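2 protein chains.
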Amino acid sequence: MRSVVDDATLALLLEVTGTPKPGNVDRHRDHPDLRFEHFLAGSVGARSGLSLMIEGGPLGAAFERSVEGMADQRGGNTQFGALLLLAPLVRAANVDEVDGNEDGLSPAGVSDVVAATTVEDAVSFYRAFEHVDVAVEDPPEGLDDLDVRRGGDAAPALRERGLTLADVMDLSADVDGVAAEWVGGFERTFEAAGWLLDDDGPVPDRASRAFLRLLADEVDTFVVKTSSREAAEEATRRARAVLDGEEHGEELANELVERGINPGTTADLTAGALFVALRRGLEV
Amino acid sequence: MRSVVDDATLALLLEVTGTPKPGNVDRHRDHPDLRFEHFLAGSVGARSGLSLMIEGGPLGAAFERSVEGMADQRGGNTQFGALLLLAPLVRAANVDEVDGNEDGLSPAGVSDVVAATTVEDAVSFYRAFEHVDVAVEDPPEGLDDLDVRRGGDAAPALRERGLTLADVMDLSADVDGVAAEWVGGFERTFEAAGWLLDDDGPVPDRASRAFLRLLADEVDTFVVKTSSREAAEEATRRARAVLDGEEHGEELANELVERGINPGTTADLTAGALFVALRRGLEV
Chain A
1 MRSVVDDATL
11 ALLLEVTGTP
21 KPGNVDRHRD
31 HPDLRFEHFL
41 AGSVGARSGL
51 SLMIEGGPLG
61 AAFERSVEGM
71 ADQRGGNTQF
81 GALLLLAPLV
91 RAANVDEVDG
101 NEDGLSPAGV
111 SDVVAATTVE
121 DAVSFYRAFE
131 HVDVAVEDPP
141 EGLDDLDVRR
151 GGDAAPALRE
161 RGLTLADVMD
171 LSADVDGVAA
181 EWVGGFERTF
191 EAAGWLLDDD
201 GPVPDRASRA
211 FLRLLADEVD
221 TFVVKTSSRE
231 AAEEATRRAR
241 AVLDGEEHGE
251 ELANELVERG
261 INPGTTADLT
271 AGALFVALRR
281 GLEV
Chain B
285 MRSVVDDATL
295 ALLLEVTGTP
305 KPGNVDRHRD
315 HPDLRFEHFL
325 AGSVGARSGL
335 SLMIEGGPLG
345 AAFERSVEGM
355 ADQRGGNTQF
365 GALLLLAPLV
375 RAANVDEVDG
385 NEDGLSPAGV
395 SDVVAATTVE
405 DAVSFYRAFE
415 HVDVAVEDPP
425 EGLDDLDVRR
435 GGDAAPALRE
445 RGLTLADVMD
455 LSADVDGVAA
465 EWVGGFERTF
475 EAAGWLLDDD
485 GPVPDRASRA
495 FLRLLADEVD
505 TFVVKTSSRE
515 AAEEATRRAR
525 AVLDGEEHGE
535 ELANELVERG
545 INPGTTADLT
555 AGALFVALRR
565 GLEV
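Which chain is which? The protein sequence lines are A and B, in order.
Last residue of the first sequence: 284 in the numbering used here, with the numbers rising by one and none dropped.
Last residue of the second sequence: 568 in the numbering used here, with the numbers rising by one and none dropped.
One or more of the hints may lead you astray.
Unchecked claim - Part of the chain A face toward chain B, derived, beta carbon under 7 Å: (1) ARG2; (2) ASP6; (3) LEU10; (4) LEU34; (5) ARG47; (6) ASP205; (7) VAL284.
Stated by the list, open to error - Non-contacting residues of chain A with respect to chain B, defined by C-beta distances greater than 12 Å in every case (computed): (8) PRO58; (9) ARG213; (10) GLY245.
Calculated directly from the structure, the hints in this document are not laboratory data.
Nothing here was measured: the structure is a model prediction, and the numbers come from that model.
Ideal placement from N, C-alpha and C gives every residue a C-beta, glycine not left out.
All chains, full assembly: derive it from the sequences and hints.
Put into structure tokens, the structure is as follows:
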């Protein structure tokens, strides 16, 4: 009975509930000023933007609206990356729903949505940074006028260069795990959705295991930005140790939260994977 | 930015997150077959029914739809009572929103919604019991044809007697704490909303304290139905002891969950109070 938008909301809620997800806020852990209930309010507040994603209008504006609604709580940025990942997935899933076309929510279907983005979508994406503080890296050499921290002020530069939202994602795909999904057919998202569907037991437990596998496979770009590359490599190494039974997930979770090492991009991927899995029949 | 329906959803989520709420599923406790994630799915699944509540159509049909969506998860009944309590509150809050009339979400405004219910609303209420197993008591002597377990089969009896949904609530107000709110201007709901607004700290902590105060004030009718009157009186006495600092809330929560003593009606009232408080400016 749940709609596409309902499943997107539920994916955000199940993601933050999954525990342990070392370094993240989860059902059993808060960060000092970013708590579980901020993610609840973020999930619910994003609703009107998620609804716009399934309508025919500009995807960038829908994303901006979702971020604005998500930010209507006191914890700050809870799900910027997850919403950016969900935007094309939600739109593709709706094509699926409308046409009865099973290929909508697939690497090809989502890539079609990405390819259809416009320069105005890119402008809206930049505007979204005005609603909430998001951790970002400095832009590449010579691209200062495209610094996302400029928000809507970057519009002239975007228009002059004719950059679509897909182009913008392409520019940061090597330093941002969400952007990498946009340009790579959402490969890791779909792969992790498969893990969730093949796994057994309560969904939050599956989410925890999928998170650990994703983190063990690749360094988390959010940790690179907010902590360091060494910390990101350590988190990946130790996630692998948890999967190999050489380290305890609960203890690693406590330690990483204490050290402020937060694999947020891996959490975003987990949310996207949960959404795909829910649309493909994962039962809660 | 959140809509009336968004706040109703968030109220359901914040309720189940509040901890400790002795005997309930909460952020830190599950029941054997009824887990936290079932409440997440129930909250999200209820959305289409909550949306109908703010539209002009029959309130009973909206409630039935919310229950049907809520039940689309594997835990069984998560929020039947909370949705029954929310139905007139959500509709009254929407009057508020539409008319800019500050009195919509008030005891008088909600009582107007209750008074406007029809016989067909009562029929839909009965049909809602077909979607999920709800703990109920035997009907009063001579009212077997109005047993809610008959579901839609009770329609002829309801129509013959000309019973509106308000009349049906009146019949069980002395054995059901949610029905008592319907016929009594939602007195406890509004009172607890005031506690939430006057309290300090994270909202889930406030929800826990409001729950304990509600339970300390009156025996929980769900415990009377599913355990016994003695268990209900014990839960109330011990909630008071927690508030008086004579007993530890966390330990009581563990014990009541273990004994299967679940003050579900008090949780319903807490959800209703959270909704009212959110509409009145409670920030998350």
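- Hints broken by the structure, by number, lowest first? Structure breaks hints 4 and 6.
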